Amino acid sequence: MPRSPHDPAVFTRGLCKSFSSRRKISELIRHPFTKGRKIVALQGVDLEVRQGEIFGLLGPNGAGKTTLLKILSSLVLPDAGEARVNGCDIMQDEMGVRRAIGYVTSDERSFYWRLSGRQNLIFFARLFHVPAAIISERVDSLLRRVELQAKGNEPFSAFSSGMKQRLAIARALLHDPPILFLDEPTRSLDPVTARHIREFIRDKLAGEGGKTILMATHNLHEAAGLCHRMAILNRGQVRRVGRLDEFRALFAAHRTYRIDLDRQVNLEGVGRLVSDNADGEENGAPRDTADSHRVRLLVELDQDSDGALSALMARLATSGARVLEFTRQEPSLEDIFDRLFSEGSTP
Amino acid sequence: MKSGSRLWAFLVRDFLQEVSYRTNFIMQIVGVLASLTVWYFLGSFFARFPQLAESLGGMDYFSYSVVGIAFLRYLSRLNSTFASKVRQEQVAGTLEAMLVTPNRTSVLVLMSSAYELVSSTLWILAWLFMGRMFGAAFHLPALLPAALLLVVVMASFASIGILSAGMVIYFKRGDPVTWLLASGSTLLGGVFFPISILPEGAQMLAHLLPITHAVEGFRQLIVKSADLPAIWPHLQYLTIFAAIFLPLGLAIFHLALRRARLEGTLIQY
Ligand SMILES: Nc1ncnc2c1ncn2[C@@H]1O[C@H](COP(=O)(O)OP(=O)(O)OP(=O)(O)O)[C@@H](O)[C@H]1O
Ligand SMILES: [Mg+2]
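From first to last, the protein sequence lines stand for chains A and B.
If you read the first sequence in the working numbering, its first letter stands for residue 1, the second for the next number, and so on.
If you read the second sequence in the working numbering, its first letter stands for residue 1, the second for the next number, and so on.
Rather than coming from a laboratory, the hints here were simulated on the basis of the structure.
Source: prediction; values computed, not measured.
Where a beta carbon is used, it is the ideal one built from N, C-alpha and C, also for glycine.
Any given hint could be a false lead.
[Said to hold, decoys possible] Short derived list, chain A residues pointing at chain B, Cβ under 7 Å:
1. PHE19
2. SER73
3. LEU75
4. LEU77
5. MET95
6. ARG98
7. ARG99
8. ARG109
9. ARG114
10. GLN119
11. PHE123
12. LEU127
[To be verified] From chain A, some residues computed to sit far from chain B (all C-beta separations above 12 Å):
13. GLN51
14. ALA194
15. ASP262
[Unchecked claim] If you only want the chain B side, here are some residues facing chain A, beta carbon under 10 Å, derived:
16. ARG6
17. TRP8
18. ARG13
19. GLN17
20. THR94
21. PRO102
22. ARG104
23. THR265
24. LEU266
Work the whole structure out from these sequences, hints included.
What follows is the structure, encoded as structure tokens:
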């Protein structure tokens with residue numbers, strides 16, 4: 001399908017999907033015609049992933065990330081909405097979609113345990129219509145690329161999680177697709193292997209390979225370090241799309257200060273007290289350190305309300321309390337995503 | 001050409017998996033020998049009653065039952081292979097991996113059973129050959145009628161297997177129809193005893209079962225050395241059966257796959 005370089009690699013509009021929950025046989029007999037309970041997985045998802053981009057899908061468990069990837073891979077049909085992958089409509093041209101994508105599931109099994117890594121890849125290469133004459137060469141070069149050349153002839157059952165993941169990536173590259181869908185690519189990997197995979201994704205797949213990558217992940221640092229842009233998905237809806245620095249800027253509007261005092265001070269009216277996630281201490285609870293008795297307050301001020309900081313200072317000055325420490329708290333990645341995930345999710 | 005290469009991929013995959021279970025293969029041979037031994041002694045015991053051969057159409061009981069068992073086994077393997085392959089691949093997570101390759105789902109699922117089709121056919125030949133070694137009165141049949149009959153037997157047995165796979169995918173649970181058919185075939189199919197001893201109503205039912213025609217046809221060919229005319233009615237019935245149930249099975253199977261894709265249940269178990 002001819003496309004200009006400005007067309008999005010992945011495009012969705014108004015994608016909806018709900019599943020009916022599985023029913024017991026006794027229910028089926030008693031109420032054969034009533035439908036089961038609906039589970040909404042996606043509701044009106046609009047998304048555009050640009051060519052050559054690493055795009056992250058973030059969201060809590062059950063947000064709909066995997067469902068979205070499966071719909072885009074033509075494994076599951078949507079109830080409503082449209083989607084195009086590499087210019088191919090997922091409903092009209094599923095073969096076109098499948099030729100354009102490599103899909104790496106979050107399920108590390110998905111291979112034949114009794115066959116070697118190499119035999120597994122050969123099998124899938126035939127299903128991807130790789131010409132017989134070049135299958136062997138293609139498989140060997142992919143095994144080399146994912147650094148499994150030495151283990152290629154060992155049975156899949158003897159592979160470690162990291163090796164399985166790398167083999168899954170190799171399989172997704174058999175037909176050299178322009179787009180890759182990765183569902184939690186570093187799940188169940190140790191930190192060193194995970195970093196290795198991340199570097200591979202960034203440098204080899206996206207960098208040298210020029211592939212478009214759409215990946216679901218729970219790992220915030222992974223998303224921060226890898227993704228050019230990301231979408232925050234929650235309860236089947238896209239809450240926000242943007243770059244990490246844009247998300248950071250969103251919350252720069254809220255500034256949090258950490259104040260240690262020698263006694264409790266009432267700050268009502270000048271700022272909000274927030275709880276200190278980091279060490280889980282009650283707000284305003286006195287804490288005894290080695291040298292003195294302190295009260296720690298975490299205060300959030302609205303950036304846009306002028307003079308909020310001055311008002312806080314004034315209140316502290318008139319309170320008669322001694323300020324032992326006063327620091328601006330930078331929001332951690334967890335803080336940012338915590339807010340993003342909870343945005344709009346309170347009904 | 002393309003589909004040949006895919007078919008080959010499936011055959012190689014399953015062959016490699018099978019040889020990886022070496023003891024399994026040995027166990028199978030031991031099982032065949034043990035089973036033949038039982039039927040051999042049962043046959044020599046029945047040989048003491050000469051009038052028995054008459055009601056078996058002039059065959060000895062051992063030859064009679066070895067053919068019956070061959071096709072009963074064939075029936076049960078072809079009936080279950082499609083559904084159980086889908087299930088296996090679902091559980092292994094490999095189904096999802098296959099379904100993102102640019103191939104039609106039905107082709108992938110049907111090809112997944114290709115090896116079982118080949119190996120169970122070879123199994124019949126091996127079983128009959130070993131039966132001959134044990135002294136069954138088998139003759140090499142005329143090639144063309146035997147091949148024709150085998151093809152329609154395979155098609156009608158497989159059609160039920162495909163239909164069953166469709167039902168299993170659609171209802172997400174084991175299907176009672178195949179189970180009924182298997183038990184019915186054991187009882188009524190003229191496998192272990194001639195259907196002439198059954199009550200009249202049961203005899204009519206027996207004539208509807210494909211296995212009845214499969215075993216009768218093959219007994220004519222390899223025990224009685226009969227030619228095409230003798231098996232013609234069986235050939236006819238099985239052809240009609242396959243002509244009805246193969247398209248029906250495929251249609252239900254397609255329907256089930258489509259629904260499973262809508263519900264997202266094909267890849268979830
Ligand atoms: N085949 C299915 N049948 C019924 N419900 C389903 C099915 N697939 C997904 N769901 C439901 O849809 C919702 C979205 O699930 P999905 O797997 O897409 O979430 P996710 O964002 O990938 O979650 P996680 O982070 O846990 O992987 C969940 O409530 C899930 O239970
Ligand atoms: Mg998921």
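Cross-check of the supplied hints:
1. Taking 7 Å as the C-beta cut-off, the interface hint given for PHE19 of chain A holds, the closest approach to chain B being about 6 Å.
2. For SER73 of chain A, the interface hint holds, the least distance from its beta-carbon to any beta-carbon of chain B being 5 Å, beneath 7 Å.
3. About 6 Å separates the beta-carbon of LEU75 of chain A from the nearest beta-carbon of chain B, less than 7 Å, and the hint is met.
4. With a least beta-carbon distance of about 5 Å to chain B, the hint placing LEU77 of chain A at the interface is held under the 7 Å criterion.
5. With a least beta-carbon distance of about 5 Å to chain B, the hint placing MET95 of chain A at the interface is held under the 7 Å criterion.
6. Using the Cβ-Cβ criterion of 7 Å, the hint placing ARG98 of chain A at the interface with chain B is satisfied: the shortest such distance is roughly 4 Å.
7. Using the Cβ-Cβ criterion of 7 Å, the hint placing ARG99 of chain A at the interface with chain B is satisfied: the shortest such distance is roughly 5 Å.
8. Contact between ARG109 of chain A and chain B, as hinted, is supported at the beta carbon level, the nearest pair being about 4 Å apart and thus within 7 Å.
9. The closest approach between the C-beta of ARG114 of chain A and any C-beta of chain B is roughly 4 Å, which is under the 7 Å cut-off, so the hint is satisfied.
10. Annotation: interface hint on GLN119 of chain A holds; nearest CB of chain B at approximately 6 Å, less than 7 Å.
11. Because the closest C-beta pair between PHE123 of chain A and chain B is about 5 Å apart, less than 7 Å, the hint holds.
12. The interface hint given for LEU127 of chain A holds, since its Cβ lies 4 Å from the closest Cβ of chain B, which is under the 7 Å cut-off.
13. The Cβ of GLN51 of chain A lies farther than 12 Å from every Cβ of chain B, with a closest approach of about 20 Å, so its non-interface assignment holds.
14. In this structure ALA194 of chain A is separated from chain B by more than 12 Å, as the shortest Cβ-Cβ distance comes to about 21 Å.
15. Under the 12 Å C-beta cut-off, the non-interface status given to ASP262 of chain A relative to chain B holds; the minimum distance is some 59 Å.
16. With its C-beta approaching chain A no nearer than about 6 Å, ARG6 of chain B sits inside the 10 Å limit, and its interface hint holds.
17. Evaluation of the TRP8 of chain B hint against chain A yields a held restraint, the C-beta minimum of about 7 Å falling below 10 Å.
18. Against a cut-off of 10 Å between C-beta atoms, the interface hint on ARG13 of chain B holds, since the closest Cβ of chain A lies about 5 Å away.
19. A hinted interface residue such as GLN17 of chain B counts as satisfied when its beta carbon comes closer than 10 Å to some beta carbon of chain A; here the least separation is about 5 Å, so the hint holds.
20. Nearest Cβ of chain A to the Cβ of THR94 of chain B: about 6 Å, under the 10 Å cut. The hint holds.
21. At a threshold of 10 Å, the smallest CB-CB gap from PRO102 of chain B to chain A is about 4 Å, leaving the interface hint in force.
22. Taking 10 Å as the C-beta cut-off, the interface hint given for ARG104 of chain B holds, the closest approach to chain A being about 8 Å.
23. Residue-level restraint check for THR265 of chain B holds (minimum Cβ-Cβ distance to chain A is 8 Å; threshold 10 Å).
24. Annotation: interface hint on LEU266 of chain B holds; nearest CB of chain A at approximately 8 Å, less than 10 Å.
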